[in-house]
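Novice: All chains, full assembly: derive it from the sequences and hints.
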Amino acid sequence: MRRTGWTLRTGGSLVLFLLAALLSAGAEPVILPPLWTEDQRIQQLTSLPVAGDGQLEVGYYLLARTNVRPLLQSKGAEQPFAGEQGYYRFASLSEIRLRLPRWQVSYAFGIADRFEGDQGAVQLYQGGVNLTQLPTTDTPVHALLNRSAVNRWTVGHLVPLRDRRGESWLLIAGSLYLSRRIQQGTLDGRWQSAQFDGNLLLDTTRGLNPADTRSAGWGLHLAASAPLSDRWRIGFWGENLLGHIWQRKVQRITARVQANAIVPDADGFLHAAPLLSGRIDEVSETLSLRTRYTFGLAHQQARRTWLLFASHEDGWRFALGGAVARGWLLWHLPDGEVHASWSVGRWQILIGLADLNPWRTKHATLSLRWSAPLGR
Numbered sequence: 008m009r010r011t012g013w014t015l016r017t018g019g020s021l022v023l024f025l026l027a028a029l030l031s032a033g034a035e036p037v038i039l040p041p042l043w044t045e046d047q048r049i050q051q052l053t054s055l056p057v058a059g060d061g062q063l064e065v066g067y068y069l070l071a072r073t074n075v076r077p078l079l080q081s082k083g084a085e086q087p088f089a090g091e092q093g094y095y096r097f098a099s100l101s102e103i104r105l106r107l108p109r110w111q112v113s114y115a116f117g118i119a120d121r122f123e124g125d126q127g128a129v130q131l132y133q134g135g136v137n138l139t140q141l142p143t144t145d146t147p148v149h150a151l152l153n154r155s156a157v158n159r160w161t162v163g164h165l166v167p168l169r170d171r172r173g174e175s176w177l178l179i180a181g182s183l184y185l186s187r188r189i190q191q192g193t194l195d196g197r198w199q200s201a202q203f204d205g206n207l208l209l210d211t212t213r214g215l216n217p218a219d220t221r222s223a224g225w226g227l228h229l230a231a232s233a234p235l236s237d238r239w240r241i242g243f244w245g246e247n248l249l250g251h252i253w254q255r256k257v258q259r260i261t262a263r264v265q266a267n268a269i270v271p272d273a274d275g276f277l278h279a280a281p282l283l284s285g286r287i288d289e290v291s292e293t294l295s296l297r298t299r300y301t302f303g304l305a306h307q308q309a310r311r312t313w314l315l316f317a318s319h320e321d322g323w324r325f326a327l328g329g330a331v332a333r334g335w336l337l338w339h340l341p342d343g344e345v346h347a348s349w350s351v352g353r354w355q356i357l358i359g360l361a362d363l364n365p366w367r368t369k370h371a372t373l374s375l376r377w378s379a380p381l382g383r
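Under our numbering, the residue at position 105 of the sequence shown is numbered 112, and the numbers go up by one with no gaps.
Hint data in this document are derived by calculation from the structure and do not stem from the laboratory. We treat Cβ as the ideally placed atom computed from N, Cα and C, and that holds for glycine. Worth double-checking, as some hints may not be accurate.
Label pairs and their in silico Cβ distance ranges [said to hold, decoys possible]:
| # | residue 1 | residue 2 | range |
| --- | --- | --- | --- |
| 1 | W338 | D145 | 39 to 47 angstroms |
| 2 | I179 | A218 | 31 to 39 angstroms |
| 3 | Q202 | Y114 | 26 to 34 angstroms |
| 4 | L79 | F116 | 34 to 42 angstroms |
| 5 | F116 | L229 | 38 to 46 angstroms |
| 6 | L381 | A347 | 50 to 58 angstroms |
| 7 | F302 | W253 | 49 to 57 angstroms |
| 8 | P87 | W253 | 23 to 31 angstroms |
| 9 | A347 | L229 | 40 to 48 angstroms |
Specialist: Below, the structure is given as structure tokens:
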């Protein structure tokens with residue numbers, strides 16, 4: 008690689024973002040792991056956020072969703088992708104949380120990945136492993152990448168409210184973020200005459216000294232719940248309603264890519280592109296945060312509670328089901344994923360699959376949470 012005034016010309020490795028098309032690098036809000044997981048929202052909607060003297064919680068959360076191939080299927084074994092738009096979502100979160108009657112304090116480390124692309128982008132990605140999956144005709148290729156890894160410290164204050172219908176509450180929380188990795192970009196071009204020809208625009212911290220890329224940010228969150236009657240209750244959770252990350256340094260890669268073979272590694276990097284010409288600049292930028300919000304409705308009966316949720320991040324998802332004393336079951340739309348959670352002693356376990364056969368499922372969720380009451 009030769010850098011002259013940050014001009015780049017190389018045949019080495021670069022990034023492939025498999026999967027949709029939109030916007031330029033840096034224009035997309037940063038995607039982050041969730042602040043409230045599904046089991047936490049259900050607990051808050053069906054009971055008061057904290058009872059007694061409070062509790063200590065330690066949890067792990069994992070989510071993976073795609074429409075390209077089953078999650079556990081080996082690469083190269085997939086069928087040709089015939090859809091119009093492909094996607095892959097991934098999030099993991101390790102957290103410790105202290106919940107007191109009026110205050111909540113937590114620390115977490117989380118990773119979030121989002122890949123999107125049209126049919127040509129998915130076929131180009133699959134063709135890197137199995138050449139028979141490459142596009143057979145001239146095909147446009149548009150793909151988007153959005154990845155982050157952050158440390159998060161959060162403090163929340165609970166405000167209880169009472170009226171004639173029962174007890175309501177408002178939770179205001181603020182997070183301090185320390186970014187460990189930021190990658191955002193687009194790949195836009197065309198596959199024709201057995202070769203990809205396109206433009207790459209990428210902001211990435213990869214390849215820089217970690218001490219130069221660690222940056223700070225903040226996010227403001229809001230949750231609330233109120234009774235509508237003796238049996239009905241509503242809830243709202245909004246994450247990163249306000250906030251930014253001030254990224255000290257990223258490499259901004261603007262390049263022309265021409266390749267007749269695309270071989271992505273585990274991180275989505277391209278190896279041995281025949282020609283890459285362009286430019287690398289080191290820049291700082293202020294990044295907005297992707298907002299996530301959820302509305303909930305609960306109908307309480309003697310032995311069970313019926314639940315309905317509507318969530319929005321990069322599209323609407325709905326969930327309906329019910330909860331009993333030791334667990335709950337929710338069916339998610341539009342993907343058909345079923346989430347089941349149950350309590351075993353001090354453990355809360357959540358498993359979600361879109362197919363009863365784990366080897367065929369394209370959507371999976373796992374959550375483990377241990378909690379212990381304080382003051383006992």
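Novice: Hint by hint, note whether the structure agrees.
Specialist: Now the hints, each set against the structure:
1. Roughly 41 angstroms separates the CB atoms of W338 and D145, a value that falls within the hinted 39 to 47 angstroms.
2. The given range of 31 to 39 angstroms is respected by I179 and A218, whose C-beta atoms sit roughly 33 angstroms from each other.
3. Taken as a hint, the range 26 to 34 angstroms is violated for the pair Q202 and Y114, whose Cβ atoms sit roughly 48 angstroms apart.
4. Taking 34 to 42 angstroms as the suggested C-beta distance range, the pair L79 and F116 does not conform, at roughly 25 angstroms.
5. At roughly 23 angstroms, the beta-carbon separation of F116 and L229 lies outside the given 38 to 46 angstroms, and the hint is violated.
6. Separated by about 29 angstroms at the C-beta atoms, L381 and A347 break the suggested range of 50 to 58 angstroms.
7. The beta-carbon spacing between F302 and W253, approximately 31 angstroms, falls outside the hinted interval of 49 to 57 angstroms.
8. Between P87 and W253, the C-beta spacing of about 43 angstroms breaks the proposed range 23 to 31 angstroms.
9. For the pair A347 and L229, the beta carbons lie near 29 angstroms from each other, so the given range of 40 to 48 angstroms is not met.
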